[in-house]
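J.: With the hints as extra help, turn the sequences into a complete structure.
Number of protein chains: 2
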Amino acid sequence: MPATSATHVKALIFDVFGTVVDWRTSLIDDFTAYTARRDLQGDWTGLVDAWRQAYVPSMDEVRKNPQLPFVMLDDLHRRSLERLVREFGIEGLTDDDLDYMVTGWHRLKPWPDVVSGLTRLKTKYILSPLSNGNVGLLTRMAKNAGLPWDLVMGGDLFGHYKPDPETYLGAARLLNLSPGEVMMVAAHNNDLAAAQALGLKTAFVARPTEYGPLQKLDFEATGDWTVVASDFGGIADQMGC
Amino acid sequence: MPATSATHVKALIFDVFGTVVDWRTSLIDDFTAYTARRDLQGDWTGLVDAWRQAYVPSMDEVRKNPQLPFVMLDDLHRRSLERLVREFGIEGLTDDDLDYMVTGWHRLKPWPDVVSGLTRLKTKYILSPLSNGNVGLLTRMAKNAGLPWDLVMGGDLFGHYKPDPETYLGAARLLNLSPGEVMMVAAHNNDLAAAQALGLKTAFVARPTEYGPLQKLDFEATGDWTVVASDFGGIADQMGC
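Protein chains in written order, with the numbering used here: chain A, 995 to 1235; chain B, 995 to 1235.
Some hints could be false.
Which copy is meant is left open, because identical chains are indistinguishable; a pair holds if it fits in one copy or across any two.
Stated by the list, open to error - Below are the DSS-like pairs computed for lysine-lysine, each with C-alpha atoms no more than 27 Å apart in a straight line: (1) Lys1103 x Lys1210; (2) Lys1118 x Lys1004; (3) Lys1210 x Lys1137; (4) Lys1137 x Lys1116.
Simulated from the structure, these hints should not be mistaken for lab results.
T.: As structure tokens, then:
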């Protein structure tokens, strides 16, 4: 049986970058191996960290200009990358190389507990990402990584990025559920705070190495979340799976 | 290897009612068993056939009034059912009974070749429904029936019903694919004609018992479709899976 406060939950929706997949190690390893084959040099660790730091500001620009057409994350990633490649002085990258790097986000590897935890949770609950990634990105990631989602929800479905309310409430609406029947799962306290304020249930899982030596936040739960666990197996335990 | 004309296909999107699931037998069997337990009487075959006949007109009302808010299929089903229950003179149904019957569309059974065919196709292609059903309906159907979709696309994602172009083109856009990289699979020639006119590839599979004795159309392919097969296994064969 799930914890009493989670009794009415019918669906779990997941933050993806950092919560489900280890973007930092995945991208650094991917680019290091790829560019070794291409005989290119670059500070891939520095570039990946800077790329991720460009993530929130790039989405904020979309969020603060709702009169402009929505720009999906693949395209924001491409814009940031083109700037960073110049800033890092990386020479010799072709257009195909840049495409390969942008689709690195489609090839991210899950944390070791993820596939087994999701597989257990799927027996009782509807499972979907609710990510700022676009549906095409998330679908390819799921196929590459074997993530057993029931459906795929990304920011482009709603024309909004988290933490805009349209994303959390749009997810509940698409599932024909009330917000209290949906649990947001994230390694980021601010994502859960936004979901909780709209009536969703919440589950926190710590990913203390997400940002490597740059990690400053989210070593532990800082809110009154419905479930707090050390990994996805722990969420499955507490949700009665 | 797939047929030459299907070489560039990356995703297959499926009509659902009739193509993937046998709505008629599923609903008649479901309601017969359910109402026997409730000691209720009704012409369930007649009601199910009439319910399906109300399907296209009910969507056409939405399609022809784009200034009004989109109404998802679960709600159209409920409206039609309430009218038909009166017309068929069925007495004693509670609100819970009507809910049960509307969610009968969430419990439809697949044709026998479907799960094995999709499982083969999933190894090489992105698979999604592109149905006039809403995402919540399609997600629950997939969990009940074990349909291994990669993602779930329903009319409510686009605020349109097929054959509106927004559905076919919206599916390609969400997948970051060009129309020619997407193949529409259906047992209905008119669905394929609408998809083909927009540049999608097409696959026809005959479901000659879909409408039981009322079947008048779609005994065979009537257009120049990319693939014509007798079941989903045949599509997998021709698509190189």
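J.: Any of the earlier hints contradicted here, and which numbers?
T.: 3
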